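J.: Next come the chains, spelled out residue by residue.
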Amino acid sequence: MKLLEIKNLHASVEGKEILRGIDLGVGRGEVHAIMGPNGAGKSTLGAVLTGRPGYEVTEGTVTFDGADLFAMAPEERSWAGLFLSFQYPVEIPGVSITNFMKAALNARRKAQGLEEMKAGEFLKLMKEKMAFVQMKGEFAKREVNVGFSGGEKKRNEIFQMAMLDPVLSILDETDSGLDVDALKIVAAGVNALRTPEKSVLIITHYQKLLEYIVPDVVHVLKEGRIVRTAGKELAEQIWREGFESIV
Amino acid sequence: MSQVFIVGQSELPGKVRVGRDEVLDWVFVVLPGVSAEIPLEIDIDGPGAEVSLAGLYLCGGDERVQFDVAVRHNAGDSHSRQFFNGIAGGRSRAAFHGRILVRPDAQRIRAFQENHNILLSEEARVETTPQLEIYADDVECSHGATTGFLNQEEQFYMRSRGIPESEARVLQMISFLSPVLARVSDPAERERLSREVEAAVRSL
Numbered sequence: 000m001k002l003l004e005i006k007n008l009h010a011s012v013e014g015k016e017i018l019r020g021i022d023l024g025v026g027r028g029e030v031h032a033i034m035g036p037n038g039a040g041k042s043t044l045g046a047v048l049t050g051r052p053g054y055e056v057t058e059g060t061v062t063f064d065g066a067d068l069f070a071m072a073p074e075e076r077s078w079a080g081l082f083l084s085f086q087y088p089v090e091i092p093g094v095s096i097t098n099f100m101k102a103a104l105n106a107r108r109k110a111q112g113l114e115e116m117k118a119g120e121f122l123k124l125m126k127e128k129m130a131f132v133q134m135k136g137e138f139a140k141r142e143v144n145v146g147f148s149g150g151e152k153k154r155n156e157i158f159q160m161a162m163l164d165p166v167l168s169i170l171d172e173t174d175s176g177l178d179v180d181a182l183k184i185v186a187a188g189v190n191a192l193r194t195p196e197k198s199v200l201i202i203t204h205y206q207k208l209l210e211y212i213v214p215d216v217v218h219v220l221k222e223g224r225i226v227r228t229a230g231k232e233l234a235e236q237i238w239r240e241g242f243e244s245i246v
Numbered sequence: 000m001s002q003v004f005i006v007g008q009s010e011l012p013g014k015v016r017v018g019r020d021e022v023l024d025w026v027f028v029v030l031p032g033v034s035a036e037i038p039l040e041i042d043i044d045g046p047g048a049e050v051s052l053a054g055l056y057l058c059g060g061d062e063r064v065q066f067d068v069a070v071r072h073n074a075g076d077s078h079s080r081q082f083f084n085g086i087a088g089g090r091s092r093a094a095f096h097g098r099i100l101v102r103p104d105a106q107r108i109r110a111f112q113e114n115h116n117i118l119l120s121e122e123a124r125v126e127t128t129p130q131l132e133i134y135a136d137d138v139e140c141s142h143g144a145t146t147g148f149l150n151q152e153e154q155f156y157m158r159s160r161g162i163p164e165s166e167a168r169v170l171q172m173i174s175f176l177s178p179v180l181a182r183v184s185d186p187a188e189r190e191r192l193s194r195e196v197e198a199a200v201r202s203l
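These protein sequence lines map, in sequence, to chains A and B.
Following numbering that gives the first Met the number 0, the residues of the first sequence are numbered contiguously, the last one being 246.
Following numbering that gives the first Met the number 0, the residues of the second sequence are numbered contiguously, the last one being 203.
I should point out that these hints are in silico values taken from the structure, not numbers from a laboratory.
Treat the numbers as computed from the prediction; the structure is a model and nothing was measured.
Ideal Cβ placement from N, Cα and C applies to all residues, glycine included.
You may find that some hints are simply not true.
[Unchecked claim] Okay, the calculated beta carbon distance ranges per label pair: (1) B/F148 to A/R193: 35 to 45 angstroms; (2) B/P178 to A/F69: 35 to 45 angstroms; (3) B/E36 to A/K109: 55 to 65 angstroms; (4) A/A130 to B/D136: 19 to 29 angstroms; (5) A/T97 to B/P178: 13 to 23 angstroms; (6) B/F148 to A/G149: 40 to 50 angstroms; (7) B/A135 to A/E120: 56 to 66 angstroms; (8) B/D104 to A/E115: 51 to 61 angstroms; (9) A/Y87 to B/A181: 22 to 32 angstroms; (10) A/Y87 to B/P178: 43 to 53 angstroms; (11) A/E137 to B/Q2: 27 to 37 angstroms.
[Claimed, not checked] Just so you have them, the derived chain A footprint on chain B, three or more residues with Cβ under 8 angstroms: (12) 101-112; (13) 127-134; (14) 158-168.
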């Protein structure tokens, strides 16, 4: 069985149908890219998979590691190994990165019946993962995303991804608003986390990120449906000829 | 050095006059289950005086909490700051009436007032009325008042990282109250109070 299995998924926002029958399977160790023009439903797919309030699933099923994803609360999806890198990371004034990550990791450990992480062990992990996305020491004390530049916000997403060590990472427009240097840091971060067991779903409008994180499969989403699936060469074709060239 | 008043336990100060170069630094804490009216009248009579009033109130049931704060700048070259944050759930009623008066010959005044509130239920009510009466012209004065619900975007972000909804709410509430707790100057007292407030927040 595939890690992620999406069957005939329909979803609406405020009564308007955005996803109109998506079928998609992501196997272990695979990197898939979902490309498509604005309004195709790319971000809606990420939102529905992670359980964002305001999105209604009207038809279809999604299984994650064999379990019914829609029966799980957003936090339970995280504990099961699902991670979304937000297109617009949220600012949380008054909550430091350290306290945020400590709460996240310990909540998962509690759900798994484990004891809280030892302070020394936690700090060591923080330090290691901060270095991984080239964040300096004071980063740990900063309030989550407050006053962060666009690039810092996206690096913070990849930092959290590294801390949580998910089985399936969904990157929602992680490349938008990034300069080439920040893009390289983000891509190197994602590539370093690639293993034969772990999968990545990259949602992107542009082909640029896919030069750095090379996908196994590329899907084109248009008007809420996948209209084309092929190998990485599809991204290059879109880059040369635009979405209009894809039927 | 700040002085902490636990409403319902400590004797409340009420009226006070603050003279030349004196410092007044008070923090008020109203824990769940306590109903109280807290009138505070501060007359600033001398230049160089510094007044800081801070407070937090936590209501989760059918409490009635009301602050009536009046700060009167009767002398020039004095400063005052009010910083009150409250959380109201259940069917509670919380009110903050804050008045700043600056007399005509009290020049070079700085006076600030902030009152922010979070509602945890549809039935809870918060009333906030800032009132500024300024009769001098060389004055820097501001006030801000807000009332709202816990931010849903923040909650979803935290939940997507594996923080359960209940814990996300606690984190949000503690971060909302932390600027008031930061006003407690003694570290040991601040630590003790923070723990007490966290336990109270978890009960809401």
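J.: Taking 8 angstroms as the Cβ threshold, is the statement that the region 127-134 of chain B is covered by chain A upheld or broken by the three-residue rule?
T.: As far as the region 127-134 of chain B goes, the hint is violated, because 0 residues have Cβ atoms under 8 angstroms from chain A.
J.: Does the Cβ-Cβ separation between A/Y87 and B/A181 fall within 22 to 32 angstroms?
T.: Since A/Y87 and B/A181 have Cβ atoms about 29 angstroms apart, the given range 22 to 32 angstroms holds.
J.: Counting residues of the region 101-112 of chain B that have a beta-carbon nearer than 8 angstroms to any beta-carbon of chain A, does the count reach 3?
T.: This one is violated; 0 residues, fewer than the three required, reach chain A with a Cβ under 8 angstroms.
J.: Does the Cβ pair B/F148, A/G149 satisfy 40 to 50 angstroms?
T.: violated, 28 angstroms
J.: Between the beta carbons of B/P178 and A/F69, is the distance compatible with 35 to 45 angstroms?
T.: Once the Cβ atoms are compared, 39 angstroms apart, the range 35 to 45 angstroms for A/F69 and B/P178 holds.
J.: At the C-beta level, are A/Y87 and B/P178 separated by a distance inside 43 to 53 angstroms?
T.: Given range 43 to 53 angstroms: violated, Cβ gap about 26 angstroms.
J.: Can you let me know if the beta-carbon spacing of A/E137 and B/Q2 is within 27 to 37 angstroms?
T.: Given about 33 angstroms between the Cβ atoms, the range holds.
J.: Indicate whether the distance between the beta carbons of A/A130 and B/D136 respects the range 19 to 29 angstroms.
T.: violated, 56 angstroms
J.: Residue count check for the region 158-168 of chain B against chain A: does it reach three with CB-CB under 8 angstroms?
T.: Three-residue rule met by the region 158-168 of chain B, so holds; n is 8.
J.: Between the beta carbons of B/D104 and A/E115, is the distance compatible with 51 to 61 angstroms?
T.: holds, 60 angstroms
J.: Is it true that the C-beta distance of B/A135 to A/E120 lies inside 56 to 66 angstroms, as the hint says?
T.: Given range 56 to 66 angstroms: holds, Cβ gap about 59 angstroms.
J.: Between the beta carbons of A/T97 and B/P178, is the distance compatible with 13 to 23 angstroms?
T.: holds, 19 angstroms
Checked against the numbered hints listed earlier, the structure breaks hints 3, 4, 6, 10, 12 and 13; every other hint is satisfied.
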